[in-house]
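Peer 1: Below, each chain spelled out in residue letters.
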Amino acid sequence: MTLHAPLINYLAILPFLFLTGAALLLLFMTALTRDRLSTRVSSTIAVSAALGGFVATFVQWFEVDHHGATTTAAHAIVMDGFSAVMCASICSSLVFALLIAHDWQGRERFNGAEYQMLALLATSGSVLMTQANDLVLVFLGLEILSIALYCLIAFNRRRYKSSESSMKYFLLGGFAAAIFIYGAALTYGATGTTNVTSIAYFLGTTHLLHPGLLLAGGGLMMVAFAFKVQAVPFHFWSPDVYEGAPTPVTGFHASIVWGGAFAAMIRVMISGLGSQIDTWRPIFFGLIVLSTIVGACFAILQGNAKRLLAYSSVSHSGFILLGVWTGTAVGVSAAAFYVLTYAPVVLGSFAIVALVGGVGDSNHELEKYRGLARRNPWIGFSLSVLLLSQLGVPLTVGFNGKFAVLAATIDAGNIYGAIVALVGACIAAFAYLRWTTGLYAAENLDQPALVVPWASRVVITLAVLYALVFGVDPGLLTSIASHATLLFQP
Amino acid sequence: MHSSLFLSGLLLLPALGAVVALLVRKQEGRSYVVAVATAFLELVLSVVVAFTYNAHVANAQGFDFAYSHVLSPVLGIAYSVAADGISVWMVVLSALTVLIALLAARDRRRESAYVAWQLLLLAVTVGCFVAHDLLEFFIFFELILIPCYFMMVQWGGEKAKAAAMKFFLYTFTGSAFMLAAIIYLAVLHQQQVGGALTFAYGALAQVTTSTAAGVWLFVAFALAFGVKSPIWPLHTWSPSTYAEAPAAAGIELSALLSKLGAYGLLRFAVALLPGVQRDVRPVMLTLAVISILYGSFVACTAKDLRRFIAYSSLAQMGFVTLGIMSGSVIGTEGAVLLMFNHGVITIGVFALVGYLERRRASVAMADLRGLQGPMPVFAGLFTLFMLATMGLPGLSGFVSEYLVLIGTFGTHAWWALVATLGVVGSAVYWLWAYQRAFHGEVSTADASLADVSHAERNALWPIVALVVVLGVFPSPILNRLGPAVTSIVSHVATTGVSK
Numbered sequence: 005m006t007l008h009a010p011l012i013n014y015l016a017i018l019p020f021l022f023l024t025g026a027a028l029l030l031l032f033m034t035a036l037t038r039d040r041l042s043t044r045v046s047s048t049i050a051v052s053a054a055l056g057g058f059v060a061t062f063v064q065w066f067e068v069d070h071h072g073a074t075t076t077a078a079h080a081i082v083m084d085g086f087s088a089v090m091c092a093s094i095c096s097s098l099v100f101a102l103l104i105a106h107d108w109q110g111r112e113r114f115n116g117a118e119y120q121m122l123a124l125l126a127t128s129g130s131v132l133m134t135q136a137n138d139l140v141l142v143f144l145g146l147e148i149l150s151i152a153l154y155c156l157i158a159f160n161r162r163r164y165k166s167s168e169s170s171m172k173y174f175l176l177g178g179f180a181a182a183i184f185i186y187g188a189a190l191t192y193g194a195t196g197t198t199n200v201t202s203i204a205y206f207l208g209t210t211h212l213l214h215p216g217l218l219l220a221g222g223g224l225m226m227v228a229f230a231f232k233v234q235a236v237p238f239h240f241w242s243p244d245v246y247e248g249a250p251t252p253v254t255g256f257h258a259s260i261v262w263g264g265a266f267a268a269m270i271r272v273m274i275s276g277l278g279s280q281i282d283t284w285r286p287i288f289f290g291l292i293v294l295s296t297i298v299g300a301c302f303a304i305l306q307g308n309a310k311r312l313l314a315y316s317s318v319s320h321s322g323f324i325l326l327g328v329w330t331g332t333a334v335g336v337s338a339a340a341f342y343v344l345t346y347a348p349v350v351l352g353s354f355a356i357v358a359l360v361g362g363v364g365d366s367n368h369e370l371e372k373y374r375g376l377a378r379r380n381p382w383i384g385f386s387l388s389v390l391l392l393s394q395l396g397v398p399l400t401v402g403f404n405g406k407f408a409v410l411a412a413t414i415d416a417g418n419i420y421g422a423i424v425a426l427v428g429a430c431i432a433a434f435a436y437l438r439w440t441t442g443l444y445a446a447e448n449l450d451q452p453a454l455v456v457p458w459a460s461r462v463v464i465t466l467a468v469l470y471a472l473v474f475g476v477d478p479g480l481l482t483s484i485a486s487h488a489t490l491l492f493q494p
Numbered sequence: 056m057h058s059s060l061f062l063s064g065l066l067l068l069p070a071l072g073a074v075v076a077l078l079v080r081k082q083e084g085r086s087y088v089v090a091v092a093t094a095f096l097e098l099v100l101s102v103v104v105a106f107t108y109n110a111h112v113a114n115a116q117g118f119d120f121a122y123s124h125v126l127s128p129v130l131g132i133a134y135s136v137a138a139d140g141i142s143v144w145m146v147v148l149s150a151l152t153v154l155i156a157l158l159a160a161r162d163r164r165r166e167s168a169y170v171a172w173q174l175l176l177l178a179v180t181v182g183c184f185v186a187h188d189l190l191e192f193f194i195f196f197e198l199i200l201i202p203c204y205f206m207m208v209q210w211g212g213e214k215a216k217a218a219a220m221k222f223f224l225y226t227f228t229g230s231a232f233m234l235a236a237i238i239y240l241a242v243l244h245q246q247q248v249g250g251a252l253t254f255a256y257g258a259l260a261q262v263t264t265s266t267a268a269g270v271w272l273f274v275a276f277a278l279a280f281g282v283k284s285p286i287w288p289l290h291t292w293s294p295s296t297y298a299e300a301p302a303a304a305g306i307e308l309s310a311l312l313s314k315l316g317a318y319g320l321l322r323f324a325v326a327l328l329p330g331v332q333r334d335v336r337p338v339m340l341t342l343a344v345i346s347i348l349y350g351s352f353v354a355c356t357a358k359d360l361r362r363f364i365a366y367s368s369l370a371q372m373g374f375v376t377l378g379i380m381s382g383s384v385i386g387t388e389g390a391v392l393l394m395f396n397h398g399v400i401t402i403g404v405f406a407l408v409g410y411l412e413r414r415r416a417s418v419a420m421a422d423l424r425g426l427q428g429p430m431p432v433f434a435g436l437f438t439l440f441m442l443a444t445m446g447l448p449g450l451s452g453f454v455s456e457y458l459v460l461i462g463t464f465g466t467h468a469w470w471a472l473v474a475t476l477g478v479v480g481s482a483v484y485w486l487w488a489y490q491r492a493f494h495g496e497v498s499t500a501d502a503s504l505a506d507v508s509h510a511e512r513n514a515l516w517p518i519v520a521l522v523v524v525l526g527v528f529p530s531p532i533l534n535r536l537g538p539a540v541t542s543i544v545s546h547v548a549t550t551g552v553s554k
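Heads up: the sequence lines are chains U and S, in that order. The first sequence begins at 5 in the numbering used here and counts up by one. The second sequence begins at 56 in the numbering used here and counts up by one.
Below, computed lysine-lysine pairings styled on BS3-like, alpha-carbon distance capped at 27 Å:
(1) U:Lys372 - S:Lys221
(2) U:Lys372 - U:Lys165
(3) S:Lys214 - U:Lys372
(4) S:Lys358 - S:Lys214
(5) S:Lys358 - S:Lys221
These aren't lab readings, by the way, just hints derived from the structure by calculation. Bear in mind that the values here come from a model prediction, so they are computed numbers and not experimental data.
Bound-form chain S, shown alone (with noise of 0.2 Å):
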């Protein structure tokens, strides 16, 4: 068992560094290396904590780093942090968005309020994914909100700001249900097995609902996290969140925010309802594979770049939730290894997107072409990033889709089948958008853009060298995740079968 210091540390780090970013925010510039250097702490923290990480703690079930101190005992409210496999890559993929989302996309307007917002973020994030409490759980779940609308709403443009409402509204709707799903399983908890009101993690696992009660439970905890995610048909909240936000939030909405949703979908919704998974599994898989198809369509006819990638997510999203709900090991494992890699080329791709605006004003599809004349770098970057994304053999993107279409098959093989079409999909949305916006004759605007600078490469290189590496390696992730999934696709195989 290891210390527990480590997650209140990860925690509290980017919280003070907020803090101090605004203290120094006199001179000049002084905020943003203040972020950087605490957001590069954390990253480093962060990979220590995933290599450090014991998965083999006594009746931890997973859960290393374990900490937990009650707050208010008449209300159950506790702080309460574990990590297990799954979590501290998610930890570390937090570190890495906010990281390189200050390195690529700088913005000087207000900078100081703006880092530490961009810190708070990767605090709460954090906070989500280590959070070993329902309540605390949801308390970091809803606080992300906060940080997301004011980064919309005062470095957005002034779209951003119905953006930013609709994004708040349809998630606040969405986690609403699940306040009433987690107090409700408090007090199932209570009831059957007496005591003070808690909503520790290990305590509410143990809860047995009626097969009634544990759909609608689930039914409350999908709507939270389907929106987040985002599953179709909850997604429209993403097109105009995604095409509106100032480039690092950007990045951050896109890379961090969908990973909650599916984080919490296969920790809460599967993990704590081990006994409805027979009967939601249908609906889900079936909403998994309209995302990836729809998605894939929609993407094709996407307006500007941002959008396109906002669509693109829905259908990689759409992979993660097969994996997720196949009720499989290796379909699960390629789940939450995909959620990383997705995570960590979107960061790339989204950069690519701010370096472009920073050129030229706008990115709609139908200004953009030739790019690849005037900027061939950039045009490199992003074909790696984009074979990435579509599953080439020898990128990370490969082997996470196929351990999720693989693992699908063997449980659920008539969705696998559907959803392989999106594999194609991709290829066809990706290649098509590439075509328009890099082939073709470049207008005489567009001939004289600068290609990447150096420092807007070297930002990236962290990306390249992920991607790459993931690609062929990526037993580092996968050994340590395993257990953490097997233990939850277990329970859920054997609770599940005896009701």
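Chain U extracted, bound-state conformation (with noise of 0.2 Å):
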């Protein structure tokens, strides 16, 4: 019996092969020299392999535009507009991490290679989330995510919460895995296949008499995305890891592992599992509501910044969901809409909570940005743009994503899930709005302004003309993400 190695499009895996040779250049760079390796070197080998896998995925969109999605690798990777469009937003969304991570390094004095290889890698796992057809590849990426992550979410040995928030999520993440993988199984068990596509296939041409085992099988991968995601009611390790993190891997969670995640569950749910959506639909509705609406109560309540942002980032994959809830092409391009326009913002409001923060990344309560705009007019006026632009008003780019999902959803039939997120998003305005206004307040004005080091201003600036040049006019996003259509849609 010989063995046929499959052909691979070398196309299709670029932005993959550019993380993961970052990653192992960086490797071999740290063993072959004498001292650590300076953080300017790596940064700029990680940034610089990160950009490439952007300038990638345009190659992609053209070749997709020019001839068509494509499957390689004996189809378990797929090349479409969905993919081109998730993974660039995950490579800017890299950039920006880096960039944030790079200030933070200095900040507390971790020299060397070690977190930009990390990021490298789990960012390669998400990318690979967002093209995998197969079920076996989803796993692979969420495991090469997952690993790297732990790692990065303890990073910082000098605080106890990292540690413990890393054991958390590395308890509750390995029975989410396990959980996906299982489920993953009682899924081949019914269709005999693991490739999503094929899946599709069987469930179109077969009336499965006995559907149990897909019902588990599918129910199963279900709980693991939603893990991932974090749509309560498996949101509840989220808070704690946001809070314990360094916060660059916060700001790396919240736009990488988000966006990935969601790529790889609507590919499994719509593409794979799309014949099944009577099914999953009220499922889908349950997480709707109790995401926007717990995730939106909770952030009220919070008086530290990083758990404020866990829970409005609950209430945003709400608003995802109902993209999902859809399952047709203009949900689905709608939610990639949504990952565009939450990920860079969210990544700019980390950056100045990070700056924050401070020396030993410990300054998170809402009370140490009291007065903060009369200390530093302009990061002061970059936060209030950043989290309006989460709140969803008008003239930022987050009104013009959440009003995509809504449009799309209502014009499914779901103008009830479509009332519930707006409920949802009025509530969660509350917390937004008292962030902002104590950033006006005049109190804490004898401190001392906050230091901006380049790299976080290029962050910040960058964010923010991002949300208000794409808020103004938002019709190149809208028109790239209308082209994000999965290889196959029911």
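Build the complex from these two chains, which are given one at a time in their own frames, with help from the hints.
Peer 2: Right, here's the structure in full:
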């Protein structure tokens, strides 16, 4: 018996190769140099790789535009509009996350390339999840992402909370991974394949007399995805992990991990199990209601900026689920658009949170933000814009994201889900506003103004520009997102 | 058809003015000059637009100066402006309000930022009035919150922060449901007509809804506009907001924001949903009458002058709602005229309260006594505005209130009858407040209060002139808003009956 290696379209895995290649390069360089690699060198290499991946997604985009979506590596990897858009979002988020981490490493005196390596590897897992067309590959991506992430969360050994939250995330994440693989196995049992497209084909052509196995398999996978995207009631880890992790890692989590998990969820649930939509829609509806309302209500109660942003991302997950709920192409592109609108904004917010956190990464109470706009007018203004964008105020990009998923979901007939989500947004508005109001209080004026290093300055400025420019004219982003279609859409 | 550049100019001018005011912030007082000049130019331009407006543009239902540009075909986001006889006067009112607010309530604390926010408020308010696309209107409508919120938070007192939060959350929540309604209408339009998703006013006006859906849509719109207007029982944000806002922002909030609510009610909740008007009118008219009576009653017990104005506005806006929901041309014309007149008078009253606050820390009713002695001119101006609000014949308030009551009486006599009690009520609470504050023995501390200065007096001349002139000669305004009002009311009447 001869084993045939599958043909591989290298363009399809180019972003992945960039990221893992850079991680390996850094690994070798660390091994071959006598001193610890300076953060400057490692950051430069990592940012270049992330930019390379970002550019590669544009090549993929044009390839898909001209020659259509394809699969490669024995149909396990897919290159379609959706994967290209999500990949571009993840790679650009990595650039931001690395720049934030660069300043943080300087403050905390963490020299070396370990952080960059781990971040690159975690991101490569996330990229793999956007492109995985096979449940096994989804699992691989999930694990590459998670294992690197466990280390990243525990990265700050001087902070007790860092290790504690890593342990928490490790235990729960391990369970989630196990639940996912069990679900994948059951789905394989029910359909005879792990390939997402083949599952869809099987379900489209076969009438299952006893769908119990499939229901159990799909349900378990859904639980695992809900865990990763922090949908209520699978969100309990997120505030603790957001608070405990080093702030750059929290930002990384809120954009890159979140985006990858949503991409995989959308592909598996819609491409693979789209024919079962009537079964999973009610469950998603429940997730939407719980996430938007519970996330918003708990966000109000928080006195800690990072915990507040954790609950805020829970409620944002609820909004994206509105797009997933539809199961339509419009809904998918709206969900992709939402990720595009949220990731840079949340990274910009975390850049400021990291700065306010200061040396030791510990000043995260909302009290510490009082009077910030009086001391650092530009930072105060930026944080206001970024928070108002998350709130969903018009002329910021966040409004357009919310608007897109609401339009998609109302179009698909989910008017009640839309109203519930809007109520959630109104509740969450209080949390953002309280924070913003505090910025302008005439207090703490005697404290010194924050020093803003150049990398953070770049991230914050770009995030604010992004929020405002695409808030005023979202035409470019929406037209990109409208082409973010899945290879297979039932 | 007039050039489409006028409205975009009206929109851009204050925005540019705000940027320039920020750019020249280094020189003391320069941004103030820029702001006043911008507001003055805006007023001139808006008056030009109002007087060149032509109601008889072919196939435009009274809309002139139209311009449209699609920004995102996928989401249906578009920039689309047009003005009819109602909006042109609202634009004039907006420019006038901000100009007088700048002149009468100058605040030198971080002045450049303050005037920039005021100019931005002017830009987005004008945007609301000229938007010819529902989503665009919604965007401007929500954006109003931003300048108001930041002006209150940064220039108001410590209690202003809580008031600003309340104001923001109330209005934000109210309009959230409107967003759902707007999207629902657009989706419905797409399903009925096909083509791309669009929020254009003209397109969505053709949507037909079932009665049940129509009522829900109306409720969603009415919630948003009822909060802004305000209509009882959605008014509870307004007293604290009026009380805590800094002087200039207070003028703008009280004179402009309420008009936005009433404008939206007429333009969207009434004109877009003709089929359900007969079902919702009794409810809305009843709420309007309650607003009138409740506002009059509570105004008698208001703790300070600012809250007094808030409740008086609630009563006056009740008359506006009454006229809009009356379903008669005369009543609706009166309502729109009342929006303009009440706006103008409120600018005057609120500016006077600001003058008083410059002289004494408190404007609490309990502290004010015998002000007529030391401040005769102040008392005279106050009397004029008071009489105008009460609806004294010969002053501007009379014409509009009279038209509202006449129009409503023709269609819904009982409500008009009860509302007439509100006219008496307004005389009661105004005169009583006047007696308490201006008559009697002046306290020793207040005996040395200076009367209004020349600068303060000059800032209010345009208001005085308008109050008197529009009382005897309202036709320039009525002539222009007539066709627009008739088109809306007759559209509702014909479409509403056929269903």
